[in-house]
Amino acid sequence: MKHKLPKRFGTIIKISIISAFSVYVVVTSKVEVVHSLSTPELDTNIVQNIIPYDVYEEVNANLDYGERKVIQEGINGLTIEYNGVKVNVQKPQSKIIQTGKKIISTVVGSMTGYGPDCVGCSGRVGAGQDVRNGNIYYNDKTYGKIRIIAADAKYPYGTIMRISNSKVLGEPTLAIVMDRGSAIKGDKIDLLFESEASVPGITTQKNITLDIIRLGW
Numbered sequence: 013m014k015h016k017l018p019k020r021f022g023t024i025i026k027i028s029i030i031s032a033f034s035v036y037v038v039v040t041s042k043v044e045v046v047h048s049l050s051t052p053e054l055d056t057n058i059v060q061n062i063i064p065y066d067v068y069e070e071v072n073a074n075l076d077y078g079e080r081k082v083i084q085e086g087i088n089g090l091t092i093e094y095n096g097v098k099v100n101v102q103k104p105q106s107k108i109i110q111t112g113k114k115i116i117s118t119v120v121g122s123m124t125g126y127g128p129d130c131v132g133c134s135g136r137v138g139a140g141q142d143v144r145n146g147n148i149y150y151n152d153k154t155y156g157k158i159r160i161i162a163a164d165a166k167y168p169y170g171t172i173m174r175i176s177n178s179k180v181l182g183e184p185t186l187a188i189v190m191d192r193g194s195a196i197k198g199d200k201i202d203l204l205f206e207s208e209a210s211v212p213g214i215t216t217q218k219n220i221t222l223d224i225i226r227l228g229w
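First residue of the sequence shown? That's 13 in this note's numbering, and the numbers climb one at a time after it.
FYI, nobody ran anything at the bench for these hints, they're computed from the structure. Any given hint could turn out to be false.
What the hints assert, rightly or not - Below are the SDA-like pairs computed for lysine to any residue, each with C-alpha atoms no more than 20 Å apart in a straight line: (1) Lys153 to Leu227; (2) Lys166 to Lys200; (3) Lys157 to Gly112; (4) Lys114 to Ala73; (5) Lys113 to Tyr155; (6) Lys81 to Tyr155; (7) Lys113 to Lys157; (8) Lys103 to Ile83; (9) Lys153 to Gly135; (10) Lys157 to Arg174; (11) Lys218 to Arg174; (12) Lys166 to Lys179; (13) Lys113 to Asp152; (14) Lys200 to Val211; (15) Lys157 to Ser176; (16) Lys197 to Asp223; (17) Lys114 to Pro168; (18) Lys98 to Asn88; (19) Lys153 to Pro168; (20) Lys113 to Ala195; (21) Lys157 to Glu79; (22) Lys200 to Val120; (23) Lys153 to Ala139; (24) Lys200 to Pro212; (25) Lys200 to Arg174; (26) Lys218 to Ser194; (27) Lys114 to Glu70; (28) Lys179 to Thr221; (29) Lys197 to Ala165; (30) Lys218 to Tyr155; (31) Lys113 to Asn147; (32) Lys81 to Lys98; (33) Lys81 to Lys107; (34) Lys114 to Ile83; (35) Lys200 to Thr221; (36) Lys81 to Glu70; (37) Lys157 to Val131.
All chains should be modelled from the sequences, with the hints used to inform the complete structure.
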């Protein structure tokens, strides 16, 4: 999908010219005389319009999920109106940004929920983070603030999954594997909540879609 954000703005410059000379403007690499002044003093209005470049976003299925890459820098365009005559000096060049949507694999699994105060839990996940006091998120360098989950050992710590078709989460949600569980096997995941008491009943669900977008750190 491409998003276009057009804008226009301009400036008006009024100059007083004390001596007679010809005015030249560069047009598409050529110099042209647009007006010749022959009076000792003449006020001239020059309107300069800056045309901001458009920004387009494209999806790249071969780029890592969430990664953004500029493949073409934007350059503003410019027009000049000299005594009411518009002269095109430079057309704008669009900025093009690609957003990665690469998915390693997709599986259909199930989900449950747990809290740091569960039976046998220490308040820290297997990867070491203290998850007490509502600390149920992890700040990933690439994907930002995302939910913490427990998963099978076939998914190394640091694995990023996009969870879809979940009633409790609603929108597709990114999560990171940072814990294990004796009952968490295969393609079953356990979503971390603030406490055992705060786990909604609708959290337990089958047919959860898991897109694996990064395997480990």
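Now the hints, each set against the structure:
1. Lys153 to Leu227: Roughly 15 Å between the alpha carbons, so the hint for Lys153 and Leu227 holds.
2. Lys166 to Lys200: Satisfied, since the Cα-Cα distance of roughly 11 Å is no more than 20 Å.
3. Lys157 to Gly112: holds (18 Å)
4. Lys114 to Ala73: Satisfied, since the Cα-Cα distance of roughly 5 Å is no more than 20 Å.
5. Lys113 to Tyr155: holds (13 Å)
6. Lys81 to Tyr155: Given that 20 Å is the threshold and the Cα spacing comes to 15 Å, the pair holds.
7. Lys113 to Lys157: holds (18 Å)
8. Lys103 to Ile83: holds (19 Å)
9. Lys153 to Gly135: violated (23 Å)
10. Lys157 to Arg174: holds (13 Å)
11. Lys218 to Arg174: holds (15 Å)
12. Lys166 to Lys179: violated (25 Å)
13. Lys113 to Asp152: The hint holds at about 17 Å.
14. Lys200 to Val211: OK: Lys200 and Val211 at ~17 Å, within 20 Å.
15. Lys157 to Ser176: holds (17 Å)
16. Lys197 to Asp223: holds (17 Å)
17. Lys114 to Pro168: holds (19 Å)
18. Lys98 to Asn88: holds (17 Å)
19. Lys153 to Pro168: holds (17 Å)
20. Lys113 to Ala195: violated (31 Å)
21. Lys157 to Glu79: Holds, because 15 Å separates the two Cα atoms, which is no more than 20 Å.
22. Lys200 to Val120: At roughly 9 Å apart (the allowed maximum being 20 Å), Val120 and Lys200 satisfy the hint.
23. Lys153 to Ala139: holds (16 Å)
24. Lys200 to Pro212: Distance of about 17 Å is within 20 Å: holds.
25. Lys200 to Arg174: holds (14 Å)
26. Lys218 to Ser194: Holds: Lys218 and Ser194 sit about 18 Å apart, inside 20 Å.
27. Lys114 to Glu70: Within the cut-off at roughly 13 Å; holds.
28. Lys179 to Thr221: Roughly 12 Å separates the two Cα atoms, so the pair holds.
29. Lys197 to Ala165: Satisfied, since the Cα-Cα distance of roughly 8 Å is no more than 20 Å.
30. Lys218 to Tyr155: Measuring from Cα to Cα gives roughly 26 Å; hence the hint is violated.
31. Lys113 to Asn147: Answer violated: Lys113 to Asn147 is near 28 Å, above 20 Å.
32. Lys81 to Lys98: Given that 20 Å is the threshold and the Cα spacing comes to 36 Å, the pair is violated.
33. Lys81 to Lys107: Measuring from Cα to Cα gives roughly 11 Å; hence the hint holds.
34. Lys114 to Ile83: Distance ~17 Å between Lys114 and Ile83 Cα, so the pair holds.
35. Lys200 to Thr221: Holds - the C-alpha atoms of Thr221 and Lys200 are around 11 Å apart, at most 20 Å.
36. Lys81 to Glu70: Holds, at roughly 10 Å.
37. Lys157 to Val131: violated (27 Å)
Of the hints listed earlier, those the structure fails to meet are numbers 9, 12, 20, 30, 31, 32 and 37, in rising order.
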